[in-house]
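Participant: At position 333 of the sequence shown (counting the first as 1) the number is 384 in the numbering used here, and the numbers step up by one without a gap.
These are calculated hints, taken from the structure and not from any lab test. Incorrect hints may appear among the rest.
[As the list claims (entries may be wrong)] Pairwise CB distance ranges (calculated): (1) P418 with S215: 30 to 36 Å; (2) N395 with L561: 33 to 39 Å; (3) E529 with S365: 40 to 46 Å; (4) T204 with L561: 55 to 61 Å; (5) S187 with G397: 26 to 32 Å; (6) R225 with E557: 40 to 46 Å.
Ideal Cβ positions, reconstructed from N, Cα and C, are used throughout, including at glycine.
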Amino acid sequence: MNQQKNRTFIYWLIALGAFCFAAACAFGYVIFNTILRGSEDQRSTVEIVSHSEPAYQPETETAPDAESETNANVETPPLGTGDDAAQLPTVEPAGGADRPTVTAGTRTAETEGTEDEDEDTTKSSETNAPTGEELSEAQQKVISKVEEIRGLTAAEPLTVVFKSREELHEDIVRNFKSALTDQDFQDERELLTLLGFIHADFDVEGLYEALYTEQIAGYYDHDQNVMMLIKEADPSETLRTLAHEYTHFLQFSSFPTLRQYYDAEFCDVHGDDCIVARSIIEGDAVLTESLAVQDPLVMRLLNKNRATGNNDNSTFRNAPPYYQESVLIEYVYGFPFVYTYFLNDGFESINDLLSAPPASVEQLIHPEKYGTDEPARVSIGLFDKVFADAGCEFVRSSVFNELDTRWMLTLGIEPDWRINERSAARAAEGWSGGTFSFGRCDGKAYVFSETQWDTRRDSDEFSDGMEMYFDARFGAAESAGSWLGDGQKIRLLEADNSVFFMIVPEEFELTKIEGIIEKIEYSEEVAL
């Protein structure tokens, strides 16, 4: 019986990470991404978190109803991350919020800005007691339970403000529109089109704005040090939001260095580091939230006031596969990694992970490689110079990680372009390091990438996978490793343990790049 309980608990947690956050918390991820790519003063303002998944019911309680059983059967995406934290292709949200901590004496208010409210806020800070519309017994219980579970305490109080759903949506859209420019959307659209993830006419801005109308339960405003919650929200939804966000407050209070992983400039240079660290942060929050809502009192209130499931998530379900996968990386891949270590040494091991996160997405999706298989730092500056000398405009460069390699093979916008998951997983294994650059030559977009592999066999397998993909997308090769697209030239080259691919305007001369690749000699370390 105990083994069955453990299996049920583990399965439910995994389902929570995939289902609840796919339809809800993923939008916090999206806001990070868009804020980061905007103006510097707007980049670390908000995080949206929302939950509509029914509460877990252990076997000692009433059996789950049909709704919860259906939700538990949602599959997680295969282990195998969009836009950058200012970098694509792993739409890598960064954008961070310096999340302060809150205590059980959290301050609450309906609105902000009046003199009376300011007086109440000061009083609350001094007495460590709620003011305004006080948190409910269940909300206070969740806050205390999270502290108990994590073994961490908060350093300072947080103001909680309740707004209507319409007011909250207006705030989010206003931040969204002020953070991004038309050029941001054009860059993302052109790069993802080159990589085959979307069509050239896809409305990227429309997708982001539509996502903000779905599954919103609240967000944290870093500038104001305020958590915004919805007045009319289902109580169970609010409890889950509090549990998840309160975990973040504790994390950032106890581990101040985590803030760098939400800094735009840092993530521009250390993109993979930011993806991985945020995945650990979110995995911890998912686990803690899940444990907190199992408290008997919280559970009874959750089951009494369960979310009705009326929130629409059709935009997410109908988004291109690439977006569906990329907005989930922190939750889908962060939780299994964190849970693996939690089973061994509890939250002490998670604290260690927060202090020293994995070094690559490869380690995140292969926990056994954590601490043993360090990524190669791949520099393609020599190739960037060739493009610059030809008069091309450089836009951005970032890590091309193991998930990027797998997703390029499996998440093409056209189903006929995709190779099967097993072949893609095999092709992506053995990743050692990777980088890509994106830019424009006379206004026409290009992308160039180099990936390095543990062995020549690994590089051969990835090259074979890319050849299958390019054949499916562009038709039969004109010659070995050479295809023609609509106004484009595509090259796939292999040298030692490295694989290069490039998609460039048809008039761009590739002779210099091909010559450099032919003469490259790698150190023995690359082949290890």
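Participant: Return the numbers of the hints above that this structure violates; sort them in rising order.
Facilitator: When the structure is compared with the hints, numbers 1 and 2 turn out to be violated.
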